[in-house]
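Number of protein chains: 2
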Amino acid sequence: MNEQLLNRPRASHLMEREGVDGLLAATFENVYYLSNVWMENFFVLPRQTQGFAIVARDKLDRPIVVASIGEVANYSESAVSGCGLITYGQFYRFVNEQAQLSTGETTVKERVIDHADRSRSNVVEALAGGLEEAGLTSGTVAYDERGLFIETFAALKQRLPDVNLIPGYQLFRRIRAVKTAEEQRRLEAVLRVNEGAMAAAMRVARPGVTEQDMIEEFERYVVSRGAKVMFTQIAFGPRGGQGYVMKRNAVLSEGEVIRFDVGCMLDGYNTDIARNFSIGEPDERCIRYFDATVAGIDAAAAAMRPGATAADVFHAAVAAVRANGIPHFGRTHVGHGIGLEVYDIPLLAPADSTPIEDGMVVQIETPYYELGWAGIQPEDTVVATPSGGKNLTALSRKFEVVRRDS
Amino acid sequence: MNEQLLNRPRASHLMEREGVDGLLAATFENVYYLSNVWMENFFVLPRQTQGFAIVARDKLDRPIVVASIGEVANYSESAVSGCGLITYGQFYRFVNEQAQLSTGETTVKERVIDHADRSRSNVVEALAGGLEEAGLTSGTVAYDERGLFIETFAALKQRLPDVNLIPGYQLFRRIRAVKTAEEQRRLEAVLRVNEGAMAAAMRVARPGVTEQDMIEEFERYVVSRGAKVMFTQIAFGPRGGQGYVMKRNAVLSEGEVIRFDVGCMLDGYNTDIARNFSIGEPDERCIRYFDATVAGIDAAAAAMRPGATAADVFHAAVAAVRANGIPHFGRTHVGHGIGLEVYDIPLLAPADSTPIEDGMVVQIETPYYELGWAGIQPEDTVVATPSGGKNLTALSRKFEVVRRDS
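Residue numbers (this note's numbering), protein chains in the order written: chain A, 23 to 428; chain B, 23 to 428.
It is possible that some hints are incorrect.
Heads up, incomplete: computed chain A residues facing chain B, CB under 10 Å, no partners named [stated by the list, open to error]:
hint	residue
1	Ala-121
2	Glu-173
3	Asp-294
4	Tyr-391
Simulated crosslink set (DSSO-like; lysine-lysine; CA at most 30 Å straight-line) [unchecked claim]:
hint	chain 1	residue 1	chain 2	residue 2
5	A	Lys-131	B	Lys-269
6	B	Lys-250	B	Lys-269
7	B	Lys-81	A	Lys-269
Don't read these hints as lab results, they were simulated from the structure.
Positions of the beta carbon are idealized from the N, C-alpha and C atoms, including for glycine.
Bound-form chain A, shown alone (with noise of 0.2 Å):
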């Protein structure tokens, strides 16, 4: 039984109140997330994979799959049970006739080779029949407009004159901004593939390490645990305070401060965790600073409750940081929405009043980034409930210093 991640009731209450028929998903993660069907060449080909699903506003739970022909024996094992699919073009598969076909053999055996003339002649036109099984052809449809090519697009508006397609980028994030339980067990599940991670890279950290070591350890840890590697930042010292760099043969010195800003992915959800450790005592200033920043986080943390907006976040936990110990503290932004993307909403910053809403699952970040000395920066992973955030990441609130002979 494959997971129905689509928050259902949700979907169906937003696009209610902003007149929208239907969904018509065009990325990865929006088409995994009405669907289920993981479309890999979203990763392998950015600029040339065209794959969708489409949903009506009163059939939520029959996405239809519009794909390469191709994906037939993923959309078999993986989609939802009452998922359709329509596929473009034609592959050359041939059959052993002695053989017993498994159920998805059979099932590729009919779509490409028994019906091949069933596949649409092109991706236009296979969006046209998802459209039309699924009773789109007018109405207001919400299309993934950063994923769907312009010539797709134009050609479809053509073929269909009758839909009124819009932008739907924003309503498909917002739809799941709140996190379902299935949503929440897998962020769980990602953040402690993560959290091993950096254990592991500083299992091997120790003066004259490059930060490319523990790197390369982090990421033989992530993709151990059958997960995605996302983004490894690791950088000593002043490196962890100037930004991101491609170069990472650093050496790490004693009581150097290491700044981990890092992420992965499983099963769809990622991570995007930050800390700071060193081998042998820092300069002081790093743990106080380093306690002030979680003392931002925290104040923040607290807030994560409904009633409270994206930007009241923002100020407790900028006022918390620069109540306690670093008074000069500034930061556009503290945090963010974490799920199927890296970035999902709510942007914790002043300018963003998205209401806080019981289970909507956050980054909250408060790092000081400061020239010539150190990148300060925890960063943790935490779910709104009525009473107040929960903190959801296991790592140890303090700098860690390791002292190790060597």
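For chain A, the structure is supplied; the task is to place chain B on it using the hints.
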């Protein structure tokens, strides 16, 4: 000294022929190609990252990067000499007044703190500034239509009404289709990583191993060489004949066909390699069919010379596979360019009349997929030369049978 990837004579020629005065890159691959600035955020936040490189045809050695202010350190370290930078947004960094700043830190300080007022208020203003600096406020600019957000495009058109913005994704691909010596060097380097990872995965292959075990071994090798995991399809027996699936818990049996179709990225350049193996004696047809498909690759490789078209290469491959033991063989294409995208142009397919040019690098693949049996698939990397294609792959050209005591 940072590498210039752009093939300037080719770019100049094609731009002139198509009446294009400037290029506006808006994707990872094209920004990197024009400027050598690696914007990791394109991988982390593919639907949210807005970063650009602009060049005018008469100043191809002076790209201008347009980026979020968070990219300053990266620009300072990586950009080709003569590259400009226009940022948008604000960022909080502080300075340790006691420290001696490095060159990179000094650049960050100047851009982010001392002259923060020069950072543009938003991405449209920064893009307009970049086009102005490049002298492209009128004339024709080919832009990356699969990267630029539609709302940014609309606002930019309004901001600079005299620029004729035309879709440029295909022009970028045509420019990149012939690889310079440096690009060929990178393609060979990442090929060695891919080959080593296949050997590592085969070292753990034995009856009882799962697909996932071998996938993880492959990926550990890739990340241990500082490369990026792109796709790791390792499938056993009939699963290799049905297409990509997400579940990878199949267990290997003695004599079963192992199908690799795998790729990784190093320094921006990709691989896409396939091979078959077995542990213990396979069905004799495997070896016969593998040899037939290799004959197809050899025939296609021989045809990879100026004077031929992509379609000619396709027909040579299909005819050779049919003549060498699989008379019912068929394919929609037998390969594609490889480079900064996993599929560069040309596509080796009957409808692609692209002339083959000296220095084009392609993957040639002649897979035979049989439901209920196996996926037989060799795939090699071949560079076109005046005397025919040169195969860059160092793997065996045989179906490899491993005999193992266990």
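Now for the hints, and whether the structure bears them out:
no. : hint                      : verdict
1   : Ala-121                   : holds, 3 Å
2   : Glu-173                   : holds, 8 Å
3   : Asp-294                   : holds, 9 Å
4   : Tyr-391                   : holds, 5 Å
5   : Lys-131(A) <-> Lys-269(B) : holds, 20 Å
6   : Lys-250(B) <-> Lys-269(B) : holds, 22 Å
7   : Lys-81(B) <-> Lys-269(A)  : holds, 28 Å
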